[in-house]
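Q: The lines below spell out each chain.
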Amino acid sequence: MGIVYVLNGLYFSAFLFLTSLGLSIILGVMGILNLAHGSLFALGAFMAAWVIGVCVNAGPTVGMIGGFVAAMLLAAAVGFVLENTIIRPMYRRPLEYQLLITFGALLVIEDLIKLTWGGEAYYASGPFDMMGRVNILGGEYPAYFLFVMGVTAACGLCIWLFMARTKLGIMLRAIAMDRDMAEAMGIPMRKLTILAFMLGASLAGLAGGLMVPTSPALLGIGMEPLIMAFIVVVIGGLGSLKGAVLGSLIVGQTRSFGVGFFPELEMPVLFLIAVLILVARPQGLFGRA
Amino acid sequence: MAGGIKRREFLKGTSMGALGAGALSGVGLVSGAGAASKKEIPKGPVRIAAVSFLTGAAAAPFGIPGDNTFKMMADVYNQKGGILGRKIELKSYDEAGGADAQVKLARKLLMEDKVDVILGYISSGDCKAVLPLSDELGGLMVAYDCGSHELLEGEKSPFKYPKHGLGFRSAAHLGIDNIGMALMIKKYVPNVKKIAGINPDYAWGRESWRVFEVAMKKLFPTIEVGVTLWPALGSTDYTAHITTLMNSGADIVHSSLWGGDAVTFTKQALGMGLFQKTRMAYSRGEPYPQEIGAEFPEEQIICCAGTHYFLYPAHDRWPLNKWFVEEYYKRYNKYPTYPCYHAYQAFAVYKAAVEKASALVGGWPTPEEISAAMKGISVETPSGYLHIDQDHNGREDVLVGFSKKVEGYPFPILDPKRMEVFPAHMVNAPAGIRTEDWIQSWKV
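Chains as they are written, first to last, in this note's numbering: chain A, 1 to 289; chain B, 1001 to 1444.
With the rest of the complex left out, here is chain A:
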């Protein structure tokens, strides 16, 4: 049964990775602490659920692919609008301005979701049901959970290649390392910050979309991912892909084994790890001081 705990931890880590990487990119590259990131996750969940529902006659595969793509596109589009309207004036402003404005955005997006989709729960379990279960070491495990891990791993690989091997990615990393120097070097800040914001937003949207076949899209669904993503960013460090991977794995596995072996302390242990890292290495495991 230990393998199942590991798999459960990996499954949870997958959502953490996608959500926290987006948060981390936005925070690392743009210096914006985006409280509305959880709302982008929720937007992705609602959009995917809606598309999967609309495409029900076309089959779960079409609905699933359409839903996930639509979730990413919607979150990226909303990210584009946010960056161009309320986020841009916040660069170089004190943290409290960012918190206020992004918290306002969180409330507005929540209301927009309610206006668009109403207060009802949206179910879209077709992909989860379609994939059934697979046999792992004598026990059964939902294939959809493995699919989520696979998609997340593929995303992580693509982002690593983008960051490490493309000019745009290298420029993004340069901004994250030293914004002033990057600007002085002539890096097109404007375009790249929009790109970073849309990329981060689309990852949150994808995470929401991937979640919806196993959990209904409900108002307020973005809060838990936001809180957990902050813990991951604290542990892993800002703007670091490696940090997001390791932070997600630490949180996911601690939670999984915590529930199994010390259920009363599962959350306190996570916060304790975050506190210890904040004390010993404030920039996180892979963040730059």
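No wet-lab data here; the hints were simulated from the structure.
It is possible that some hints are incorrect.
Derived list of chain A stretches under chain B, where covered just means 3 residues or more per stretch with a C-beta under 8 Å from a C-beta of chain B [as the list claims (entries may be wrong)]: (1) 8-16; (2) 134-143; (3) 221-232; (4) 236-250.
Which chain A residues stay away from chain B? Per the calculated CB distances, all over 10 Å, these [to be verified]: (5) 5; (6) 77; (7) 80; (8) 94; (9) 114; (10) 116; (11) 125; (12) 186; (13) 194; (14) 211; (15) 267; (16) 269; (17) 283.
The C-beta atom is built at its ideal place from N, Cα and C for all residues, glycine as well.
Keeping the supplied structure of chain A fixed, place chain B upon it in accordance with the hints.
A: Only chain B this time, still in chain A's reference frame:
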């Protein structure tokens, strides 16, 4: 309507209540039932504030169905002339924002907006924060859905009641769910050896488990209690919890998970094969077979937070339930779930108490007079009779059953052959005795 109470006794009780409430607030309350008898019925509308979650995770499963019912009943009552001829003006408010926000809202509603009554609250935390304001501000409040048994109970048995002169709950507390399920298990699963629990990590979940555990230990003295899990409210991933429960060896897993949490847990548990290993007992599971649909597993123990079920009481025996189900379905294209029944109860109790008090003292009654009339009242509801006891808490029977696929329904319903109704006296502690102490006093 005045059923059994004499005008003189009523006036005496009302004046004393008013004195008590006045002493609490430090402000002499108007009242004086004699003055009330000279009052006219105002021409303007009766203003009712309905407070439910309209946003957040509790909106879809509870707040919106509850609010829909408040609106439906305001409409229905208005078509029949309102309350004592006054049109009902209902305004809905969002319960989101936490207890502090609700305290501020309640103050505004009672002090500035001068509403006649607040019917509201789903969260036990909000009820605990807001209900004491009823006496402080001299406004009537009827909590309609929150389940904490500690809301109106004291710290030790026996305790003084009522806790609040103008604060009521128009439903039974969570004790009936968990005691009802324990009695159901005693009757239908007598060989149970080990139980486990998964409950949300706040007052509701902790109290639900505590009552269930106490009742199970009383009914099954040798029962083994396995793992108890406390996921955070609003969790989207229960895989680790499910694996732990599958390994627990429990025959029955108790759960008071609700709303999206209950749906998410059940969906993931279906995928991971939990229901092949153990049986769930959902303390407020009534909405979820309908929410999840045909794949909801059979043979799970489902409790209905009272006798709130769209098929019970049977429509041919209790036409009010037939009317309620059809009217709600016509308006909202869904069958009513238990928050709908709870909302009906709050509205019906308030209306009946106003009419009863008015019949005794004339005119439009004061909050104290309505309170005196509400205490001890029994009303017909779609679920049967609801009684408000001397401690201002509702008393109801409770319905428990096993999920079963039955032809003609797109989701499992309660097995008609194994539905059990445990009468109020078997599942509700008497006024003045704490629920856990009452269970401990049973002679099994």
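Q: If you check each hint against the structure, which ones fail?
A: The structure conflicts with hints 4, 5, 9, 11, 14 and 15, although it agrees with all the remaining ones.
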